[in-house]
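Protein chains: 6
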Amino acid sequence: MRYDGRETGEELRQLKITRDFIKYPQGSVLIEMGDTKVICTAMIEDKVPQFLKGSGSGWVSAQYAMLPAANATRKQRDIDRLKLDGRSAEIQRLIGRSLRAAVDLKALGERTVWIDCDVIQADGGTRVTSINGGFIALYDAVGTLISEGALRRDPIKNFVGAVSLGIVDDEILADLCYHEDSRAQVDMNVVLTSAGEFVEVQTTGEGRAIRRDEMSKLLELAEGSVRQIIGIEKEVLGYRK
Amino acid sequence: MRYDGRETGEELRQLKITRDFIKYPQGSVLIEMGDTKVICTAMIEDKVPQFLKGSGSGWVSAQYAMLPAANATRKQRDIDRLKLDGRSAEIQRLIGRSLRAAVDLKALGERTVWIDCDVIQADGGTRVTSINGGFIALYDAVGTLISEGALRRDPIKNFVGAVSLGIVDDEILADLCYHEDSRAQVDMNVVLTSAGEFVEVQTTGEGRAIRRDEMSKLLELAEGSVRQIIGIEKEVLGYRK
Amino acid sequence: MRYDGRETGEELRQLKITRDFIKYPQGSVLIEMGDTKVICTAMIEDKVPQFLKGSGSGWVSAQYAMLPAANATRKQRDIDRLKLDGRSAEIQRLIGRSLRAAVDLKALGERTVWIDCDVIQADGGTRVTSINGGFIALYDAVGTLISEGALRRDPIKNFVGAVSLGIVDDEILADLCYHEDSRAQVDMNVVLTSAGEFVEVQTTGEGRAIRRDEMSKLLELAEGSVRQIIGIEKEVLGYRK
Amino acid sequence: MRYDGRETGEELRQLKITRDFIKYPQGSVLIEMGDTKVICTAMIEDKVPQFLKGSGSGWVSAQYAMLPAANATRKQRDIDRLKLDGRSAEIQRLIGRSLRAAVDLKALGERTVWIDCDVIQADGGTRVTSINGGFIALYDAVGTLISEGALRRDPIKNFVGAVSLGIVDDEILADLCYHEDSRAQVDMNVVLTSAGEFVEVQTTGEGRAIRRDEMSKLLELAEGSVRQIIGIEKEVLGYRK
Amino acid sequence: MRYDGRETGEELRQLKITRDFIKYPQGSVLIEMGDTKVICTAMIEDKVPQFLKGSGSGWVSAQYAMLPAANATRKQRDIDRLKLDGRSAEIQRLIGRSLRAAVDLKALGERTVWIDCDVIQADGGTRVTSINGGFIALYDAVGTLISEGALRRDPIKNFVGAVSLGIVDDEILADLCYHEDSRAQVDMNVVLTSAGEFVEVQTTGEGRAIRRDEMSKLLELAEGSVRQIIGIEKEVLGYRK
Amino acid sequence: MRYDGRETGEELRQLKITRDFIKYPQGSVLIEMGDTKVICTAMIEDKVPQFLKGSGSGWVSAQYAMLPAANATRKQRDIDRLKLDGRSAEIQRLIGRSLRAAVDLKALGERTVWIDCDVIQADGGTRVTSINGGFIALYDAVGTLISEGALRRDPIKNFVGAVSLGIVDDEILADLCYHEDSRAQVDMNVVLTSAGEFVEVQTTGEGRAIRRDEMSKLLELAEGSVRQIIGIEKEVLGYRK
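One line per chain: the protein sequences are A, B, C, D, E and F, in this order.
Under the working numbering, think of the first position of the first sequence as 1, with each following residue one higher.
Under the working numbering, think of the first position of the second sequence as 1, with each following residue one higher.
Under the working numbering, think of the first position of the third sequence as 1, with each following residue one higher.
Under the working numbering, think of the first position of the fourth sequence as 1, with each following residue one higher.
Under the working numbering, think of the first position of the fifth sequence as 1, with each following residue one higher.
Under the working numbering, think of the first position of the sixth sequence as 1, with each following residue one higher.
I should point out that these hints are in silico values taken from the structure, not numbers from a laboratory.
Heads up, a few of these hints could be off.
[Said to hold, decoys possible] Partial list, computed: chain D residues near chain A (C-beta under 10 Å):
| no. | residue |
| --- | --- |
| 1 | Q76 |
| 2 | G86 |
| 3 | R87 |
| 4 | Q92 |
| 5 | R100 |
| 6 | D154 |
| 7 | N158 |
| 8 | V201 |
| 9 | E214 |
| 10 | S216 |
Virtual Cβ for every residue (Gly too), placed ideally from N, Cα, C.
Whenever a hint applies, use it, and build me the whole structure from the sequences.
Encoded structure:
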C-alpha cells in the first residue's frame, strides 16, 4: 500500500486535464496529476530565435516556474534573487527538448511556440506533468494555426507523454508523490512517443547506484505508464489524426 | 450598455472567491472578478524584516506578478529581463500598504505574512482584485494562527475592500474591464475599510485632468462599490467577528 | 506652531528655483523646498520608445534617485544591490505620468524628454518637489526646441504643480517636512494643473484610515497649495504664454 | 572509419590526466579526452550549505564553465550577460550529483568539496570529461584530508566514470567528438560506478526517438566504455584501495 | 592660449570649495574645478569590512558616479544596465586608495568612512576633483569625530591633492578641460601628499607613448600643481594642524 | 636573497611562453612568469563597437578573469555574485589600453580582436603577465590575418612589454612574487614599447608615499626589465619585422 493509498507500484495517480483554462493563449490547460497542478500555456509568436532566421524552421521554447506557495515552504521568486533557479533551468531545457521531439519544425514554419509551465501546487512529478500539459497546450495551439489555414500540413509528428519513476525502499514505483520522491534512492523521468520510442531518459542514482536489471525494469514500467498517459491525452483531445 | 453587457456605470462584475485553492499555504484563494483571475496565497514566516526585529510587531509583505500568458500578448518573465517590472513594483507596494491597514501588527506578533498575488488571467482591475483576494487569504492565514492558539487576540482590525474606477468617454464607471480600461481618460483605484473610511486613493488623469466635482462622484461611487465587495467578502468568510 | 517654525498647517516652506543649474541639458534646475533639494534636468533625445515608433507622438520619461548622503542614514546605491529601489520605481512612474499630463505629446513630435530628478538633500516631499522642478526643466527644454524652430506649436498644454499633505496628530498639514512626515498617520501627494484640475491624487492611510470629510479638506488644501506653487513657477519662468 | 580516424564505434579517444596541475587546490588535474581539455580542481572548505548545518554530513558542489575561446566561436562570458548559461546550469548539476554518488558524505564530515571544471578547449564530451577529471581532483583532495589525519575513514565509496554516446547516421558511437556530436540524432551521457552500476543516464532523442533495442545497446556500450575509463583512473591514481 | 582662455600650460582652473553643502553627512563639499562640479560627502559608519573585523583598524571606502545629465550626451544610469560602469569601478578604486593614504587607519578605529563622489557637471578632471573634494569631506568628517572626543589622536597623516595632466599637440598641460582631454595624446593623473611625495601616478599613452624626459616634466609639473591645490585646501580648512 | 631564491632586486622570474595552446582562436598562449600562469587568447570578430562603426578603424578589447582555484583561497565566480569584480574591471581596462598602444587601429580595419586573459594560477604580477601574453596572442592573430591576405599592411606598430615592481622593506624589487607583493609598501606596473617609451605607468603608494628619487629608480628599473621581456617576446615570435 503506497503513501497516498495506491495499491501497486505501477498505479498512476488520477490525471485530469482542463483545456482552454486561460482565455488569451492559443492553447492552455490546467493539468492535475494527483495533487500536482500545473498551468501550461502555448502562445505563438511570429518570429524565431536568431539561429533559425531565414531557415524556414520554427521553434518550441519552454519555461518552467513555481508559484512561491506551491510547496510547503515558501519559495523566494527568482527575480528576488536575480537568478533563475538552477533546477528550473534544467527542467525547462528538458521540457523544450521533449516537446520539440513531437513537432516537425519545418512544417511549423518560422514561428516560435512559447510553452509556459507554472506549477501552482507541487506534489511530485512536476516536470513530467509539465511535459504532458505542455503537449496538450502545444497541440491546441497548433490546432488553432491549422484551423486558421496558416499551415499546409499538421506539424505534430507524434504524441509525447512523460512519467516519473523511482526506487523507494528498493521497490520500483511509477508516478511518485512528493512523500515518495523525497525518500527515493533512485529518481527517473522518461519521455516516450506514441510509437513507444524513447525521447528522453533522465536517471539519477544519487542515493544509490542502479543495477542493470533494475534499469530494464524501470524502462519497461515507463513504457507501460506512458502508454496509459498518451491514451488519456488522445481521449482528452478527441485525437484529430 | 457597457462593453461586457453591464447596464450601468455602477454595476460590478461577478465576484467569485474560491477558498483553500492551494493546499500548502495557511490561506489561499482563487479570486475572479469577471474574467480577471488571481491566485492569492498567504504564508506565515516566523521572522520579520530587519527594521522590526525585537519590536514585537509583525509585518505583511505583498508580491504581485503575472503569468506570461495572462494577457493577449505574452509578457516576458521578470527574471529574463533581470528586472522587476516597474508596474509590478508599484502595485505590490500598494497591496502591502492596503493589507497592513487591515491588521494590528502588534497583535500579529513578530511574524511576517507573505501575500503572493499571481494573476493568471488579466481583464482589468488586477491590482484591486489582488487586494480583495489577498485580504481573504490573509484573513484565513490569521485564522489558522488563532485556531492554533498562537495569538492572544485577533489582529484583523477591519475588513478592506478595493475597487477600480475610471472615466471613459466622460462617463464615470466602476470596475473597468480591460476594454474600458484601455480607453479610460482617468483611472482610479480606491481601498476602503468596512467602516467606510479610505485606506488608499490612487487617481491618475494621464488622459485628461479631473474636475473637483468628478473627484467627488468617483469617491462616492467607490464607497458604494467597496461596500458591496466587503459584503461579499464577509459572506464568503462567514464573518467570524 | 510646526516643527520647523511654520505657524499654520497651510503654510508652505520657501520654494527656491535656480534655472540653468547644469550646463549640458536643455533644461535644468536646482529646486529647494525648505531643506529638500533636488537637481532636475531635462534632456531631449530624438527617438521614442518602441511602442511609439512611427506614431508621430513624443514621450516624457522620468527617473528619480537619491544621493547616498541625502538622508540621515547612508542609502546604499541601487547598483550595489542590483535592484532599483521599489520606492524609486513607484515615484518615477508618478513623476512621468504627472509631467506627461502637461504636454501635448503629438505636438512634441517623435522625441523623448528625459527628466532626471536626483535628490541631493531630503527633508520631506521629495517626489512633489521633483515634479515641480521637473516641470520647470521640461518647460525650459521645450523652450529650447521652440526657439530653435523645431516645433510648430508649443506642446506645453498647462502648468502642473504638486504638493504633499498629511494628517499628523489628527491635524491636516501641507508640505510636510521629514519630521512631520515620519509621524504622519495619513500621507497624500496631489498634482494639479493650472486650471485647478487634478492630475494625480495618491493617498495612503497606512497609520489610520481617512474619513470622507478629511478627504475633502485635504483635497481643498491641495488646491490652494498648488495654486501658490504654480504662481511661483510662472513667476520664475516669466511665463511665456 | 570515424571523422577523427578512429576505426570502430566503440573506440575511445586518448584519455590523458595530469595531476597537480594547479598548486593551490588540494586536488587538481588537466584532463584531456582527445582534443577536449578541462581543468578540474577540488578545494575543501570547512563549512556546508545551510540545509546541512549540524547534520554531520558534508557536500560536494560542482561548477562548470568554458573559457570564451574554448570553441570555434567566441562565447560571451556569463557575467557579461548577467546570467548563468542554462546549459552550464544543467551540466554542473549533473557533475555535482555524479560526484556525490562517489562519496560517503557522512564520512566526509561537515566540509564542502568545491569542484570547478573549466573547459579550456571543447571538442565534444566536455561534461563527461569534467566528471572524470572532477573525480580525480576529488579523490586527491580527499586523499589530502586522509594524509592529514582529518578523517577517520576514507569517504570514497566507489570510483565513478562517465562517457558520452550517440547515434550518428543510425550508428551507435562512443565518445563523440564535436563533429560527430553536432550531427548526432541521439545524444547520451552515462555515469557508472566501478561496480558497473548506473549513477546517471541522460538520453536525448531530439533528432529522432530511440527504439528499445537501441537503448539496450547504448547502455551496454556505456558499461564497456566506462569500465575502460575507470581502469585508466585507477592506474593514474595508483589506486589506494 | 588654451581653449578656455588660460595663458600657460601650468595654469590651473579656478578651484572653489563649498563646505557643509549637504546637512546630513559629517563632511560634505561642493567642489568646482572650472566647470567640473562634484558633490563629495563623507559619512561615518561604526563597522568595517569583513577582513578588518577585530583588527582595530578602520577603512575608507569611495564610490564615484555621474548624474545622467553631467555630460553633453545623457549617460544611462548603471542600474538600468545592471552593471557598474567599468570606468567608474576603476575611478572609485583610485579615490579609495588615494584617501586611505591620507589616514592612519589604526588611529581611526573600527569605523568606515564612506566617501561618495557624485559628478553633477563634468568638464575634465572629474577623478582628481573627486579626490580633492573627497579629502576635504573626509577631513571634516574626521574633525567631527575629534570634536566629539571619539578619537584619541588625529588620524589624518597628511594632506593629499590630485591633478590631471596631459600632452596635447605635443605640449604638456596641467588640469585639462574636457576639450583638451578629448584631444590628449597622453593622459596622467597624479596624487601627492603635502610632503611632496607620490601617492598615485596613473599615466596612459594610448595616443602615443611617452618619452622618459616627458615623463620627468609631467611629474615635475604635477608636483607644482598639487602644491598649489594643497595650499588652497589648507586655506579652505583653516588647517587645524 | 629574495623569497623565491632570486639574488637581486632586478632579477626577473623565468618567463615561459607556449604558443598555439588552444586550437580555435587565431592566437593563443600559455604564459608563465614564475608560478603565475595565464591563458591568453586572441579571437577576431568582423565587427566593431558602436562608436567605431563606419570609421574604418578596428578595436582591441580585453577581458581578465581568474579561475576559482587560482589562489590559495577559492574565489567565488563573478556570475555567482552577479558583479564583475572591481579589480578585474580595472585590470581589463589596463590590458585593453596597453595592447591598443601596440596596434595601428586604422590598419587593422573594422575588426575587433578579443583578448581573453584567464589566470589559472596566480603568484603575483598577473596583470603584467596578461599584457605580455595578450601581446603574443594578438601578434599571432594579426599574423593570421596577414597570411590570409586580409590586411594591406601590418597593424603592429611596436612591441609592448610589461613588468610589475614594488618597494618592499624600503628596497626596490622587480617582478614581485605574491609573497613579496603582499608585503609591498609601494606597487607599480609599467608598460613600455620596444622603443623604450612609456605606455602605462600605474603606481600606488597605499602603504607609504614615494619619494621623487625612488620614482626615478623605479622607472629606470622598469625600462631595463621590460627590455629583457620584449627581448624574450621577439625571440619566441621569431620576430617578423
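Here is how each hint holds up against the structure:
1. Taking 10 Å as the C-beta contact cut-off toward chain A, the hint placing D:Q76 at the interface is violated, the least distance being around 13 Å.
2. This hint holds: D:G86 has a C-beta 5 Å from the nearest C-beta of chain A, less than the 10 Å allowed.
3. Evaluation of the D:R87 hint against chain A yields a held restraint, the C-beta minimum of about 7 Å falling below 10 Å.
4. A hinted interface residue such as D:Q92 counts as satisfied when its beta carbon comes closer than 10 Å to some beta carbon of chain A; here the least separation is about 8 Å, so the hint holds.
5. Nearest Cβ of chain A to the Cβ of D:R100: about 6 Å, under the 10 Å cut. The hint holds.
6. The beta carbon of D:D154 is not positioned within 10 Å of any beta carbon in chain A (closest approach about 18 Å), and the interface hint is therefore violated.
7. The criterion of a C-beta within 10 Å of any C-beta in chain A is met by D:N158, whose closest approach is roughly 8 Å, and the hint holds.
8. Interface restraint check: D:V201 against chain A, minimum CB-CB distance 4 Å, threshold 10 Å, status holds.
9. The beta carbon of D:E214 is positioned within 10 Å of a beta carbon in chain A (closest approach about 8 Å), and the interface hint is therefore held.
10. The closest approach between the C-beta of D:S216 and any C-beta of chain A is roughly 8 Å, which is under the 10 Å cut-off, so the hint is satisfied.
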